[in-house]
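Keeping their order, the protein sequence lines are chains A and B. Residue 573 is where the first sequence starts when you use our numbering, and the numbers rise one by one after that. Residue 17 is where the second sequence starts when you use our numbering, and the numbers rise one by one after that.
Rather than coming from a laboratory, the hints here were simulated on the basis of the structure. It is possible that part of the hints are untrue.
Straight-line Cα separation of at most 30 Å, DSS-like style, residue types lysine-lysine; simulated pairs [as the list claims (entries may be wrong)]:
{"no.": "1", "chain 1": "A", "residue 1": "642", "chain 2": "B", "residue 2": "85"}
{"no.": "2", "chain 1": "A", "residue 1": "644", "chain 2": "B", "residue 2": "53"}
{"no.": "3", "chain 1": "A", "residue 1": "668", "chain 2": "B", "residue 2": "85"}
{"no.": "4", "chain 1": "A", "residue 1": "667", "chain 2": "B", "residue 2": "85"}
{"no.": "5", "chain 1": "B", "residue 1": "53", "chain 2": "A", "residue 2": "642"}
Residue strings, one per chain:
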Amino acid sequence: MNSIRDQVAALDTNEFIFALRRAASHPACEILLFDRLNEFQIYIPLQILLELQCNLSRNEMHDLFLILTKAKAVTWDYMPAPTALVRQGESRGAKKGDAVITAHLESANVRYLISENRHFLAELPNLPFEVLTSAEALQGLD
Amino acid sequence: MLEQTIQVTLQLPTEIYNRVADAAGHEQRGLEDLLGKLVIEGLDAHLTLRELFERLSHQYCTRLVREHKLDQSPTEVLHDLRNLREQIAHELYS
Chain A
573 MNSIRDQVAA
583 LDTNEFIFAL
593 RRAASHPACE
603 ILLFDRLNEF
613 QIYIPLQILL
623 ELQCNLSRNE
633 MHDLFLILTK
643 AKAVTWDYMP
653 APTALVRQGE
663 SRGAKKGDAV
673 ITAHLESANV
683 RYLISENRHF
693 LAELPNLPFE
703 VLTSAEALQG
713 LD
Chain B
17 MLEQTIQVTL
27 QLPTEIYNRV
37 ADAAGHEQRG
47 LEDLLGKLVI
57 EGLDAHLTLR
67 ELFERLSHQY
77 CTRLVREHKL
87 DQSPTEVLHD
97 LRNLREQIAH
107 ELYS
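The shape of chain A in the complex, shown without the other chains (with noise of 0.2 Å):
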């Protein structure tokens, strides 16, 4: 199977911001995590975790720990992302942000990367792992 139901997505911080927010303009990211999380198996990795850590305080940082515990299955990966594929992405013509976020995924063997940022696709050409809007991700499930 190659689904999205069976295979590890890491969940970009920007799906969680919309989510919380409850964005008029991002409704997927809302239902993806309030009414569907427990059908995703999530990895978050280092870089992620510290964009959320700068934007949730320590309490919502805590119930967000909390609540993650109901999704089919979570990884939290504490390791930076490896120098090399870091400078690879870099070379390749990635910010050095966004090729963080690749090296994390392409180390960690992650299929999907669920975010409302598009910029991924421009950026990097054949990039070792899908990206899908939280809309196409819900999609994907169904």
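Based on these hints, arrange chain B on the given structure of chain A.
Frame of chain A; chain B shown alone:
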């Protein structure tokens, strides 16, 4: 703002009390504090995923209102997140 509290008397089996006391010592927090936390977590276990997220969202949005950030447009939010990503990456992988 201080939350209003009510004092309760709790009777526990000795074994449970000892476990809580050990955990409080281990976490370097007061017994009352830990018992309160355990009650909240126990209640949370009965909430649905949506209810848990709605509560967190309410807490988060209330803070954003205080910080005058809730009215940011989606474009501004994405822009700030992209800048934050670059800043963290440059600090960690320079």
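To see whether the hints hold, each was checked on the structure:
no. : hint         : in the structure
1   : A:642 / B:85 : 29 Å, holds
2   : A:644 / B:53 : 25 Å, holds
3   : A:668 / B:85 : 27 Å, holds
4   : A:667 / B:85 : 26 Å, holds
5   : B:53 / A:642 : 19 Å, holds
Comparing the model with each earlier hint shows no violations; every hint is respected.
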